[in-house]
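2 protein chains.
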Amino acid sequence: MDEVQTIFEPQRVVLIGSSMLTEKVGMTSPQLFKSIVYNMKKFFRGKTYVLDVEGKVGYNNLSKIPETCELAAIMLPPRESIVQAEKCGKAGVKALIIITGGYDDRQRRQLLKLKEEYGIRILGPNTIMGIVNTANGLNTTFEKGLMPGQGKIAVISQSGGVGASLLDWACFYNVGISKFAFMGDKIDVDDVDLLRYFEKDKQTKVICLYMEGIKDGRDFIESAKKIVKKKPILALKGGVAQESAHRAKSHTASMAGSNEIFDAAFRKAGIVRVADIEELMNAAIALSKQPLMHGDNVAIVSNVGGPAILAADAVVKNSLKLAILSGETKAEIESLYPGVDATNPIDIIADARAERYQKVLELILKDKNVDGILVINMLKSCFFEPKDAKVIPKMAAKYPSKPVVDVPGGGEDFALVYKALGNTNIPLYNLPEKAAKALRILRTRYKIVEKH
Amino acid sequence: MDEVQTIFEPQRVVLIGSSMLTEKVGMTSPQLFKSIVYNMKKFFRGKTYVLDVEGKVGYNNLSKIPETCELAAIMLPPRESIVQAEKCGKAGVKALIIITGGYDDRQRRQLLKLKEEYGIRILGPNTIMGIVNTANGLNTTFEKGLMPGQGKIAVISQSGGVGASLLDWACFYNVGISKFAFMGDKIDVDDVDLLRYFEKDKQTKVICLYMEGIKDGRDFIESAKKIVKKKPILALKGGVAQESAHRAKSHTASMAGSNEIFDAAFRKAGIVRVADIEELMNAAIALSKQPLMHGDNVAIVSNVGGPAILAADAVVKNSLKLAILSGETKAEIESLYPGVDATNPIDIIADARAERYQKVLELILKDKNVDGILVINMLKSCFFEPKDAKVIPKMAAKYPSKPVVDVPGGGEDFALVYKALGNTNIPLYNLPEKAAKALRILRTRYKIVEKH
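Sequences listed follow chains A and B, in order.
Just so you know, this note's numbering puts 435 at position 131 of the first sequence, and the rest follows in order with no gaps.
Just so you know, this note's numbering puts 497 at position 193 of the second sequence, and the rest follows in order with no gaps.
Hints are computed from structural coordinates only; laboratory data are not their basis.
Some hints could be false.
In silico DSS-like pairs for lysine-lysine, Cα to Cα no more than 25 Å straight-line [as the list claims (entries may be wrong)]:
no., chain 1, residue 1, chain 2, residue 2
1, B, K533, B, K751
2, B, K621, A, K338
3, A, K529, A, K723
4, B, K621, A, K621
5, A, K506, A, K529
6, B, K448, A, K723
7, B, K572, A, K621
8, B, K723, A, K723
9, A, K572, B, K621
Taking CB as the label site, the calculated pair distances span [what the hints assert, rightly or not]:
no., chain 1, residue 1, chain 2, residue 2, range
10, A, D408, B, E659, 21 to 31 Å
11, A, D523, B, E689, 24 to 34 Å
12, A, M305, B, E564, 53 to 63 Å
13, B, K351, A, P642, 38 to 48 Å
14, B, K621, A, G441, 37 to 47 Å
Reference excerpt, derived from the structure (chain A facing chain B, CB under 8 Å, subset only) [what the hints assert, rightly or not]:
no., residue
15, G521
16, F524
17, R577
18, I581
19, V620
20, N622
The beta-carbon is built from N, C-alpha and C at its ideal position, and this holds for glycine as well.
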């Protein structure tokens, strides 16, 4: 097991902090340290040790770092943190997660010297939340009790805030997660190390990356190029505008680089760029749940007319095409359901229930002119009920080479269908435009894989 | 009171349908008719009569249309509907809402003939949901028990499905609504009639329009031009792509027209165009709750770094500027909070609570270099608590000439702060990008008003 793997898959972890020490500004606090201890004890299926450096209460204190620990998570101000990091190196700990920020250049060099001296690898400093691994329960975040559900999406965030926002999003909407990694200032372990780890990680199918800057652009692109052959990488880039680029530099101490340079680099590497946190999650969900799209042709099946028209607009806007159904498919649908005009987008009318959806979906999935399907099934103004939605994953599973995404409407309709389908392989979106974007991602990814 | 006003503000309404009749495909059904009756009896503060044309059960049946009724809502198949419409005309009813669709050209002409003969005005056919007026409780929708909260946003939808989706959205997210009008095929009462009504309607501050096509473009533009001087009009246009334009034509029987023509027309009229249902609601919320933005300069105040950078990117992307704070403001913030670098976007650090937000917001709101404020207050990875958010509307109210929008994060964070602030005048968005768009809308609207 290499050291980066140790960060995610240790057997024994020591948490080093203080239940007494406090700072006026920043993230070191006895309360937060207690929350990390709580999370590790609650979720981690390995062994957790706690070293409370100034603690007089609370923990069964260790006098020194246990030599069997492979990983240490440190939540102390820079000076104290470096002292403990050195002790970890001496004790043979293989990797460190440094939660706290505020390290100056000299202190960073001190940390890197420990890496040289002891071979210890360092995630951070300024990771804020460290690591979450849903497979073994490792959770060094200080959000008490917060743990995403198991899934296939890995998230790498340079920013604690953006990472925390993604974590909040994943937990709230029950997005399946394999791992979360908060990079922080990445003085040692960086994007490339983490991407390489996720390339091999069996739980991870899709990699999400929030980055503000990069140190070695060439290395990043070359590594990403190889990794995207196996797994998709989605990237959200912060610090795009000149003014915010300047801020990104002071935020996570990295060069931001111009928007155009990153755009070209991402394209060259086969990384799919997204515009915001929601797009990142929506795209990752599509890639983790559905097959890639082999052609441009999208069929839309809907129980409402207007939203189907908006979906058709969105399909075209996303550089996809409205599938022209074969004459056979069209005739069959129209003979089954008089009153339905089976011209794509297909309005199967407001009284459509499970049976009509099932039959129409099957006919369309079989049609060789169709490469992907966007389903709309609103409840409001329609006869459709949440349980009817279950035919959608059923039909999609029967034709596993074509992606299917679903839009149950925007408000309560979405929430109700989400209860019925949230745990299935059907990605759900609250707007036709988001579903069309998800299909575009599945098409883009197909082209990337094909090219490589 | 003119006839269009009667559609929204009648004293006495007769509902005409059937508790027996049913159709194989379409929206006429005894069940739905019963739901309309239920909604009117539950919500409408005027008098509701029910004429059950074939009913043997259920309603205390009328033998004829009561002559005191000013408005009739008809939910019957075309042939029966026209028979009843004529009876309404003879009885002196001033306006009709025709819920059902499926009328052919001959039947439409028959309806229009009634208008000529009796002066009766017709909304629809194919309105699907008819009218909602939160001021008097008029609710001819068949979504049993669904009623949005009172507010300042009026919605006009050509499509039943898009309208229902907007209604679902408004109810679920508790968006304050003045009126909902579902136009359907608009053989008589059209966009212009409704816009003119909303121009004068005291409850309405913002007008949202979903349209697929328009009959008299010149009349529409000229009318809109006058109305936007008083109230903002936001428009979502369906049938933008050539393929979906074709579908829109068959959907609501109107010419779609090219995307570019509509774009130019909207711009000429001073109508603000939006891209989807969510943008429409988000923009309307901003306009209904916040003042317009007098300049381009946005200050960002955040307790997290990464999301503040994404917000800065979004501000610039939306053709706004990152405000350069006055030296005085910057110095004051930095002297109050050592460790805070008060360069915009301002990261007031993860331990910021109500007091720090209040002080920094006040200093920024006072700064003449700032025209609008985007606040970020995440809970995850931070010390902020939902109740702390209450200082935001407090400070915004103290400086009522500058818009303030808020981003509490994306998942549970958003839901928790929404509970604390949802009923205040602060628009809440789950992404910095959506908040920046809202500020752009407030800026765009300012320019439109200034130009006129």
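How the hints compare with the structure:
For the hint pairing B:K533 with B:K751, the CA-to-CA distance comes to about 11 Å; that is within 25 Å, so the pair holds. Between B:K621 and A:K338 the alpha-carbon distance is near 41 Å, which puts this suggested pair outside the 25 Å criterion. Under the criterion of a C-alpha separation no larger than 25 Å, the hint pairing A:K529 with A:K723 is inconsistent with the structure, at around 38 Å. Proximity of B:K621 to A:K621 is assessed by CA-CA distance (about 19 Å); at most 25 Å being required, the pair is judged to hold.
In summary, the hint linking A:K506 to A:K529 is supported, as the alpha carbons are separated by about 19 Å, within the 25 Å threshold. Taken as a hint, the B:K448 and A:K723 pair is honoured in the structure, with Cα atoms around 21 Å apart against an allowance of 25 Å. With a CA separation close to 24 Å, the supplied pair B:K572 and A:K621 stays within the 25 Å bound. A threshold of 25 Å between alpha carbons decides the hint, and for B:K723 with A:K723 the separation of about 22 Å falls inside it, so the pair holds.
Taking the CA atoms of A:K572 and B:K621, the gap is near 24 Å; set against the 25 Å cutoff, the hint holds. Look at A:D408 against B:E659: about 29 Å separates their beta carbons, and that is inside 21 to 31 Å. Against the hinted window of 24 to 34 Å, the Cβ-Cβ separation of A:D523 and B:E689 comes to about 42 Å, which falls outside the hint. Checked against the hint of 53 to 63 Å, the C-beta distance between A:M305 and B:E564 comes to roughly 60 Å, which is consistent with it.
Range check, B:K351 to A:P642: about 40 Å between beta-carbon atoms, so the 38 to 48 Å window is met. Evaluation of the 37 to 47 Å hint for B:K621 and A:G441 yields a pass: the beta carbon distance comes to about 39 Å. At a threshold of 8 Å, the smallest CB-CB gap from A:G521 to chain B is about 19 Å, leaving the interface hint violated. With its C-beta approaching chain B no nearer than about 19 Å, A:F524 sits outside the 8 Å limit, and its interface hint is violated.
Using the Cβ-Cβ criterion of 8 Å, the hint placing A:R577 at the interface with chain B is not satisfied: the shortest such distance is roughly 13 Å. Annotation: A:I581 was flagged as interfacial toward chain B, and the flag holds, the nearest CB pair being 6 Å apart, inside 8 Å. Checking A:V620 against chain B: minimum C-beta separation of about 4 Å stays under 8 Å; hint holds. At about 10 Å, the closest approach between the beta carbon of A:N622 and any beta carbon in chain B exceeds 8 Å, and the interface hint on this residue is violated.
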